[in-house]
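Engineer: Just so you know, the protein sequences line up as chains A and B, in that order. Quick note on numbering: the first sequence equals residues 2 to 645 in the working numbering. Quick note on numbering: the second sequence equals residues 308 to 496 in the working numbering.
If you are wondering where the hints come from, they were derived from the structure by calculation, not from laboratory data. Computed from a predicted structure; not experimentally measured.
Listed next, the in silico DSS-like pairs over lysine-lysine satisfying Cα-Cα at most 27 Å (straight line):
no., chain 1, residue 1, chain 2, residue 2
1, A, Lys522, A, Lys43
2, B, Lys483, A, Lys42
3, A, Lys522, A, Lys42
4, B, Lys483, A, Lys43
5, B, Lys435, B, Lys412
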Amino acid sequence: MADPRTVAPATSILLTLGLICFAEPGFAQQPDSSASAEALKKLSIEQLMNLEVTSVSRRPERLAQAASAIQVITQQDIRRSGASSLPEALRLVTNLQVAQINSRDWAISARGFNSTTANKLLVLIDGRTVYTPLYSGVFWDVQDVPLGDVDRIEVISGPGATLWGANAVNGVINVITKRARETQGLVVSGGGGTELRGFGTTRYGGALGSHVNYRIYGKGWAREPSVLPGGQDATDDWHMEQAGFRLDWDASTINQVTMQGDLYNGRISQATAGDIAVSGGNVVAKWSHTVSANSAVTAQLYYDRTNRNIPGTFGEDLDIYDVDLQHATRLGARHDVVWGLGYRLINDRVANSALLAFLPPHVTRQWFTGFVQDEIALIPDRLHVALGTKVEHNDYTGYEIQPSGRVSWRLSPSGTLWAAVARALRTPSRIDRELFFPGQPPYLIAGGPGFHSEEELAYELGYRHQRGALALSVATFYSRYHGLRSVEQVNPPTPSPAVIANGQYGESYGAEVTADYLITKGWRVRAGHTELRIHIWPNPGSTDTTRGASESQTPDRQFFLFSSLDLPAHLRLDAGMRAIDDITRQQVPGYAELNAKLTWQPTPQLDLSLVGQNLLHDRHAEFGAPATRREIERGVYGLVEWRF
Amino acid sequence: MALLSAMLARAPRALPLAALLVAGRGLAAQAVRASEYDVKAVFLFNFAQFVEWPAEAFPEADTPLVIGVLGDDPFGRVLDQTVGDERLGGRRFQIRRYHSVDEIKTCHILFVSRPEGDRPQSILAGLKNRPILTVSDADGFAERGGMIRFVTDRSRIRLQLNLAATEAAHLTISSKLLRVAEIITRPGP
Chain A
2 MADPRTVAPA TSILLTLGLI CFAEPGFAQQ PDSSASAEAL KKLSIEQLMN
52 LEVTSVSRRP ERLAQAASAI QVITQQDIRR SGASSLPEAL RLVTNLQVAQ
102 INSRDWAISA RGFNSTTANK LLVLIDGRTV YTPLYSGVFW DVQDVPLGDV
152 DRIEVISGPG ATLWGANAVN GVINVITKRA RETQGLVVSG GGGTELRGFG
202 TTRYGGALGS HVNYRIYGKG WAREPSVLPG GQDATDDWHM EQAGFRLDWD
252 ASTINQVTMQ GDLYNGRISQ ATAGDIAVSG GNVVAKWSHT VSANSAVTAQ
302 LYYDRTNRNI PGTFGEDLDI YDVDLQHATR LGARHDVVWG LGYRLINDRV
352 ANSALLAFLP PHVTRQWFTG FVQDEIALIP DRLHVALGTK VEHNDYTGYE
402 IQPSGRVSWR LSPSGTLWAA VARALRTPSR IDRELFFPGQ PPYLIAGGPG
452 FHSEEELAYE LGYRHQRGAL ALSVATFYSR YHGLRSVEQV NPPTPSPAVI
502 ANGQYGESYG AEVTADYLIT KGWRVRAGHT ELRIHIWPNP GSTDTTRGAS
552 ESQTPDRQFF LFSSLDLPAH LRLDAGMRAI DDITRQQVPG YAELNAKLTW
602 QPTPQLDLSL VGQNLLHDRH AEFGAPATRR EIERGVYGLV EWRF
Chain B
308 MALLSAMLAR APRALPLAAL LVAGRGLAAQ AVRASEYDVK AVFLFNFAQF
358 VEWPAEAFPE ADTPLVIGVL GDDPFGRVLD QTVGDERLGG RRFQIRRYHS
408 VDEIKTCHIL FVSRPEGDRP QSILAGLKNR PILTVSDADG FAERGGMIRF
458 VTDRSRIRLQ LNLAATEAAH LTISSKLLRV AEIITRPGP
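Please take these sequences and the hints and turn them into a complete structure.
Structural biologist: Okay, structure coming up:
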């Protein structure tokens, strides 16, 4: 593979232009606009029988029985919100803490422990893990998908370590894109405005014979800088280009193959040094095989490369190779067993600076994982128990075990009560063991030679209700944490050198409530409220007295209200309000903000939209200590989308 | 990225952008796709117009027309949305959800979901020829005494109808429905 730094922009431009030129309208079908119930009711029974139907599994029903705090946002939710990036779409998920730090950085977490390097969340895009082994967190500026191709985003708050793997300590975000068959035809969209200066996406989906469907896309955008608390430009404007493809091959009724990949490239301004350059790419291959009516195997293989050069701070070239195998089978009448094996290899090369160093700069690390879970129908369709464990081997701490037990009890066709106990671990990443500050001796922080995994024991109890137009969910939780990250003096009371260690413990508790109600056929409202308390204390003998100030910066409560209204004359009006409590430790004041989108669809092929983001204030802060804080300005942009 | 190049090479011939925009306008009559259960919900709603129930099925003048779902509900809210505020001959529609046959009191159209529909005998025995139109997408539902089965065949939905079963329940099926359905001749329960 050639150097993605040079390939990505060229490919992106070629694809964007190429897509427009190559696409032929004869191939096009109306994408994304599945016929509404009203339209379907106008059809005769013969016409109904001639309709081509897509069998999308309707998650909410399966969700209704899931024994965890899961929320799902759909393509329609994303489309109607006016979200222009993945982090903005995650603001629709009321059990996540989402804060914009500056023009490109986001702090995103579930169940607290949020920070600029939040590290207890597992994030997957079509099965590909996107958190970095550098700090177990996500560089949100380079995680993007064409939002119109997303089928849904599933978000679990709470531990998901047994099935999902390491890092799923406090939550899992699973972004699932549509199959290529569902994204046929040409779609061109673009626009611009005050904060989102300009953007464009072109996607073309076609078929190669009757068994292969594909899509290719190119997109790009440019964003304005955030501002300093005084209102001055913070010089962090940026732009990105990205291109990718997905190919689905229905080789036979029992074998399906998917190949997909992306390439991206971007530049971000810095006030005091040269531009940050980011680039990367990935390619994923998936095979699923149906063994019998009750047994299926999936195998997945991917390669992911990221390059990031932050002049004055550090540079990184990271290669990840990952292979996973999973088998789900029914044993007897009562046991649904799923087990899997995984192997992951990273090759990480860091270019150190005078400011900080990762030592050694170049590491190769590997992970072996295995998991098994048995879901037992104690009373079929009523009372189910799932017991499972994950066993992982990593190069830092050896074998680690993450078991969980879950119970779901269907009280009625519409109501499910669930409870769970789980042990989850946040295993060490490079930053915990290998970070030195400053970049050469004498060090103030000299790595974390003894850092081991952070441990969580989580207890959850929830209830989910879905009946007709109303869906309601309540999740409560209590968690204890041991071995939370701390900074310890080596020779107290001398403050330096210090090392990174596991000198803190803590607890968190709270509740997440969501409600979704269809008031009339054309008016849906959704609301969510989260209460969250986190306490962190030093272990006896620890010299860390921060009480976790650098580990968790999370508001105590947040409230969301969304409204989707269909108006006459092909107009749609959507609004989303959020009220976020203050972040006491960073002295970030509480705030309320409003996003709104007005769409006019004069023909089924054309959408014209006007989107307002953070409308209530000229600018507001969401995250960050006063000295380094950036504020987010009100943004307005226009959007045109053609579907051919 | 050889794959990308290969895909681009196989893409159809080039067209100027302007021509494409103009051509796009004329494509209104293209294939529309719909979600399987959106369509099935509309079928259930439509069946109300194609079936005549015996008088005892509607004891009161304002007895609503009840569409029930037995077992896991694959429709989510689609069924409620489809029915909405519709009326049929002055009657409102009502959606009910059941998880056992014993809960079923007034019901006119019953969708039996999987896996219940895979073993329909006990359900149908529980209904004892009451005037309820039973519908399912389970394999062999109509052969095993159910009344209507949705068959998804090459991405299209066909109907199978067991006439003996509808007659046993004193339901009269309109000729419009009979014309488009595949009639299954095995006897009812």
